[in-house]
Amino acid sequence: MRENTMYENMIAVTNRQLYLQAAEKNRCRDGKEDEEMSEAFLPGTRLWNRYLKQVEQVLSLSPKALVLREKDLEPEVYRQLAKDVTALCEAAETECILHGFPDEARALSWRKIHLPLRLFRELPSLDFFEKKGTSVHSLAEAREAEALGADYLFAGNIFETDCKKGLPGRGLSFLQEVCKQVSIPVYGIGGITPERMEQLLLAGASGGCMMSGFLKLQGEKEA
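Residue numbers (this note's numbering): -19 to 203.
It cannot be assumed that every hint is accurate.
In the DSS-like style, the derived pairs of lysine-lysine whose C-alpha atoms are separated by at most 27 Å in a straight line are [claimed, not checked]:
(1) K63 - K33
(2) K63 - K44
(3) K111 - K160
(4) K33 - K44
(5) K44 - K92
(6) K63 - K51
(7) K92 - K33
(8) K160 - K44
(9) K63 - K111
(10) K111 - K92
(11) K33 - K51
(12) K63 - K160
(13) K51 - K160
Read the hints as simulated data drawn from the structure, not as lab findings.
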């Protein structure tokens, strides 16, 4: 049974590069060396297994869902990673949404996908997927995404974030306007923390998405 409620409205978004950077930073600070950090990220390697352990740690916090966003991987590598991560999510009873690889999702018969808005526009059909979302950065994009058949939206960036240093946040007023413009669930992304969740909910959002916060936390915890 899921008992942790701190993250019940939070969607965890993976980014192994941020996690590795955090872990490596702490090891350098402590004068440690780790040959695993230079390994290729491939099935069965120590780095691969470390990543899966990190995913398990994130899932132990009981987020609302996990989005597997590793867009720089080769398709066949992403497919194997998705196979491993979806199994972990099922064991943890956490919803898993694949990201950016519709063909690999279909090959795994996984019917939940998050796609860039560009792919929403370009792909001929997304009927295979029972749940599909996208990310938007303007009110016009939010309306367009809903018209294209998105079931939920990530709207951002709401606050300034380490993922996009120097880019000012669009603010809670932007999030509130997006929520008013569409009838589907909206999740704020960008600089989101559990402490800011109440603000997101008051703005009309269904919750928030956290990337660097989850992954830096785990990198620091493991280091």
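Checked hints:
Among the hinted pairs, K63 with K33 is consistent with the structure: their alpha-carbon atoms are about 15 Å apart, no more than 27 Å. Distance restraint check for K63 and K44: the Cα-Cα separation of roughly 20 Å lies within the 27 Å cut-off, and the hinted pair is therefore satisfied. Distance restraint check for K111 and K160: the Cα-Cα separation of roughly 21 Å lies within the 27 Å cut-off, and the hinted pair is therefore satisfied. Between K33 and K44, the direct Cα distance comes to roughly 19 Å. Compliance with the 27 Å bound is thereby established for this hinted pair.
With a C-alpha separation of about 14 Å, the suggested pair K44 and K92 falls inside the 27 Å cut-off, and the hint holds. Distance restraint check for K63 and K51: the Cα-Cα separation of roughly 15 Å lies within the 27 Å cut-off, and the hinted pair is therefore satisfied. Simply put, K92 and K33 have alpha-carbon atoms about 23 Å apart, close enough for the 27 Å limit, and the pair holds. Taking the CA atoms of K160 and K44, the gap is about 23 Å. The hint holds against a cut of 27 Å.
With a C-alpha separation of about 18 Å, the suggested pairing of K63 with K111 holds against the 27 Å cut-off. For a cut-off of 27 Å, the pair hint linking K111 to K92 stands: about 5 Å separates their Cα positions. Under the criterion of a C-alpha separation no larger than 27 Å, the hint pairing K33 with K51 is consistent with the structure, at around 20 Å. Proximity of K63 to K160 is assessed by CA-CA distance (about 37 Å); at most 27 Å being required, the pair is judged violated.
Under the criterion of a C-alpha separation no larger than 27 Å, the hint pairing K51 with K160 is inconsistent with the structure, at around 30 Å.
In this structure, the hints that do not hold are numbers 12, 13, in rising order.
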